[in-house]
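Q: First to last, the protein sequences are chains A and B.
For the first sequence, the numbering used here gives the first residue as 1, with consecutive numbering after it.
For the second sequence, the numbering used here gives the first residue as 1001, with consecutive numbering after it.
It is worth saying that the hints were derived from the structure and are not from the lab.
One or more of the hints may lead you astray.
Derived coverage of chain A by chain B (criterion: at least 3 residues anywhere in the stretch with Cβ under 8 Å from a Cβ of chain B; other residues may be distant) [claimed, not checked]: (1) 72-83; (2) 160-169.
Some chain A residues flagged as far from chain B (calculated, every beta-carbon gap over 12 Å) [what the hints assert, rightly or not]: (3) G32; (4) G40; (5) E69; (6) G120; (7) V301; (8) R302; (9) A307; (10) A314.
Built from N, CA and C at the ideal position, the CB exists for glycine as well.
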Amino acid sequence: MKRRTVLKGAGALALGAGLAAPAWAQKKVKAGFIYVGPVGDGGWTYEHDQGRLAVEAHFGDQVETVFQESVPEGADAERAMTQMALGGADIIFATSFGYMDPVINVAAKFPKVKFEHATGFKRAENVSTYSARFYEGRAVQGLLAGRMTRTNKIGYIASFPIPEVIRGINSAYIHARKVNPDVEFSVVWVYTWFDPAKEADAANALIEQGADVVLQHTDSTAPQAAAEKAGNVYTFGQASDMAEYAPMPRISSIIDNWAPYYIRRVQAVMDGTWKSEDTWDGIGAGMVEIGEITEVVPADVRAEAEALRDAIAAGEYHPFTGPLKKQDGSAWLAEGEVADDGTLAGMNFYVEGMKGDIPS
Amino acid sequence: MLRLEKRPSPSRLWTGATPLLAVLLTMLAGGAMFALLGSDPVVAIRTIFWDPLFGEFAFYYRGQLLVKAAPLILIAIGLSLGFRAGIWNIGAEGQYIVGAIVGAAVGLAAYPTESRLIFPAMILAGAFAGWLWAMIPAILKTRFNTNEILVSLMLVYVAEAMLASVSSGLLRNPDGMGFPGSRNFKDYPAAHNAFLIEGAGVHWGVVAAMIAVIFAYVLLGRHVLGFHIRLTGEAPRAARFAGVNPSLLVVVCLGISGALAGLAGLFEVSGPAGQISIDFNSGYGFTAIIVAFLGRLHPVGILLAGLLMALTYVGGDAAASALGLPSAAIQLLQGMLLFFLLAVDVLANFRIRFGRTEAA
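So that you can see chain B by itself, here it is in the shape it has in the complex:
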């Protein structure tokens, strides 16, 4: 007989090993699925997990991994702070969109002036707008005790409607023959978030993501605010006795995550995406929630989880086109990864015992 026995404290060995085990299980189950779809499972798994890193065209894919991972990591770092304290910002997608709109608007308003100050101003505007959008659920929660999950999520739809409106109205390219979408920042060097090293995939958003990881690591490990965040999450009552102001913590956590999401949006719109368009957002704000939990709300974990998630996107797309796989199969693979990770988490918290249960 199999039975689970709760460990007195989570196993360190398994906490480290479960992500790897989850990836392995995903490869096995995913391979079986690809085989059922009539593709060679070994080739499919290699195309997704190996080729982008070490294959023939890795020089291109490695850069793309950074491009894809940077916004995920940037947003997930911000979310993880709140999640640790039990503050649930589910609307990062909305803050991402608003940051992109306002940041882009600042750049477009300056067109065609050339100045070194334009891009920094856009960065500030993007972060500020994301922060402001997150302040709506924060203030409503602290003043009227509303649920931040619902409010932040609903504001995503408001942001999407704003995006549709500005891309076919206010920010529409005057030279675009009436088609929706703003000017392309690639044609406007002063506002363009260009690659710092051509082809390496490193743009300012990647730099910002790295800084955010370090910042969060230091904050959580060394700073009293980080201590308060962790304490509130683990022992809310103790936190109150320790003098933590819960309202202030809500405002700070939502504010940081909003500002980082806004930054991610600004870097994306001025760089890889290039323009404000109706479908500019592609769900980074929601995927980042998965990345935050996949990385166990730990800054280094989030860094790795973001890169892994990017790998499944970049490799998955490559496999979809090279092997003619349906896009749903790739999404299934990503779902499996999350599923297996949560499933094998059991091993970190429980011990498997063989044999009969002894009478207690």
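Chain A on its own, in the form it takes in the complex:
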């Protein structure tokens, strides 16, 4: 009761954070996770939840995790994070780009709680950002797509016209064209991360237009199901392995592996060494994994893709290496020049050869 009276009143939010802050020795660390989709989406949110479970498995009794799924981006996200912070969370992982401003707002009210925002660019004293270099995986997919297509038409289901998605399209296109100069990409923007009905519609439309490889930057398995029904169409698992569609139509996948990062950050909170930083890891650090390339893919193509993967992992090859031009023909990267992270982080243009416009 006494605590409630202390907490009463408007300015008490910060106080609440103070009281909820951990006494390291006695209390276990509480980690909260905010998900944009349901944990059963089989893609993006599923992999974040796997990361959460890995944290639980790794720390056992020392940690307690809470999560909330299908949190809309906006005012609701702000409330969900405040609820967790009030509930005594020590570190909160907000796992979607649209949570960016809400994270910054809530973090300002709870200076003792650590916040981790996936795929954003706004940081603060108690806000870190983290993301994966998915475009490295896209390079491998692009190579496979360029080798496997017979119609030379590749469909791409894109979510939102943000740099992360555009980067993926460019990376896949560059590497498809490298092995197959006749290849053409058609991009469908569905403006959602997770909507099985819309994703299936987009996949079917692309297949009807003659695409026989469909890449997706959305989280459900609906495009896989559509491809399976159509027959001779190849797809890739997105965010998660989606192995239930192997060996056909799913011939490989990009898997987000958040577990090592989550364990590292929770450990840092335990040790009191947590600092605000920006993490952007790829295949090399194990944050991005290439799912098994199935036997449908000829052995020499498989070896070629694996070699590309290993070269990227070892840091010998960067997927955005010149000479590269922008779509409008203007120069971007000179021979041998490698794109810097700043340009990649804000990428808002297609590379030369891509058809169509980025919606704006």
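Since the structure of chain A is already known, use the hints to place chain B on it.
A: Positioned in the frame of chain A, the structure of chain B alone reads:
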């Protein structure tokens, strides 16, 4: 044997008691569902219905109830006027989006000027845009006798496409590194719909919702327009003899509901949501339809229904994260509430008789 006997007129006692009975039944059935999901039903029900109002962190949740309820009430009040007259505006979500876009655009166009007139101008622009968007189905109905249900609903999808377009184009934050979403109004005091009392959850949208409730109450009870609305709904033929102009009524009812929905959108985008973003709308326009009927199309009923609906959202989210419940379980609970309310409505209109049916 059980049988139902129609009451000569609806029972006043049951009309008042059925909402409470529906809430009780929802708690029982919901509790059973939570128990099946492996949570303590008492704790779950308490977290949803009790804690936000009287629990440890009620100082925060009470304000959030107002934030969540205000747009629902504002929109539902407008819808209820038309619904009473048999004019079905199903597209409040679209009017809400357009009001938010245009209102926000006015504010963003003025950036970074500081003037007391900016926010009032945004309010006018938001209401006007919502009104204008509702005029499309209104004019099409009065001139060409189209169905306002279909037209207003279809315009929601048009509005959503516009929202996606402006947030990644016209209204995009120039300092946002190419990411979609407008500037945040929290960083622009002249256009920010800030809390009037910090932490209490009262912003101008809450004030507007309260004014709308009073306005609708007086309109329906005292004003000739309110009389015409009720008369048209209850006895259309009599209304025509009484000199009601049906076309004018369509224009007025759709206009008021559009303007209120536009207002709700403006208050939401400039306050709790903070910015125009692709997924800014979270279905308030559709949920408000439920709120309108839950409140029996009566202004005071809508006020209470809006708060109850907000409670199931705020409490439901709290339960989802505190007890690890799936978001689908919370949606089921909300569905149960509506279901039970409609089901026990039978008691208001019918009497239950025990025993054998007598031969008529």
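Q: Against this structure, judge whether each hint is valid.
A: Cross-check of the supplied hints:
1. Coverage of a stretch by a chain is defined here by at least three residues with a beta carbon nearer than 8 Å to that chain's beta carbons; for the segment 72-83 of chain A and chain B the count is 10, and the condition holds.
2. Residues of the segment 160-169 of chain A lying with their CB closer than 8 Å to a CB of chain B number 4, which satisfies the three-residue condition for coverage.
3. With a closest Cβ-Cβ approach of about 7 Å to chain B, A:G32 is found to fall inside the 12 Å limit, against its non-interface label.
4. Some Cβ of chain B comes within 12 Å of the Cβ of A:G40; the nearest lies about 8 Å off, and the non-interface call is violated.
5. At the 12 Å boundary, the C-beta of A:E69 falls inside the reach of chain B, the nearest C-beta of that chain being 5 Å off.
6. Chain B draws A:G120 into its interface by the beta-carbon criterion, the shortest separation being 8 Å against a cut-off of 12 Å.
7. Non-interface call for A:V301 relative to chain B: holds, since the shortest CB-CB distance, roughly 34 Å, exceeds 12 Å.
8. A:R302, annotated as away from the interface, keeps every beta carbon of chain B farther than 12 Å; the closest lies near 36 Å.
9. Separation of A:A307 from chain B is adequate, the least Cβ-Cβ distance of about 33 Å exceeding the 12 Å criterion.
10. At roughly 30 Å from the closest C-beta of chain B, the C-beta of A:A314 stays outside 12 Å, upholding its exclusion from the interface.
Hint compliance for this structure: hints 3, 4, 5, 6 are broken, all remaining hints hold.
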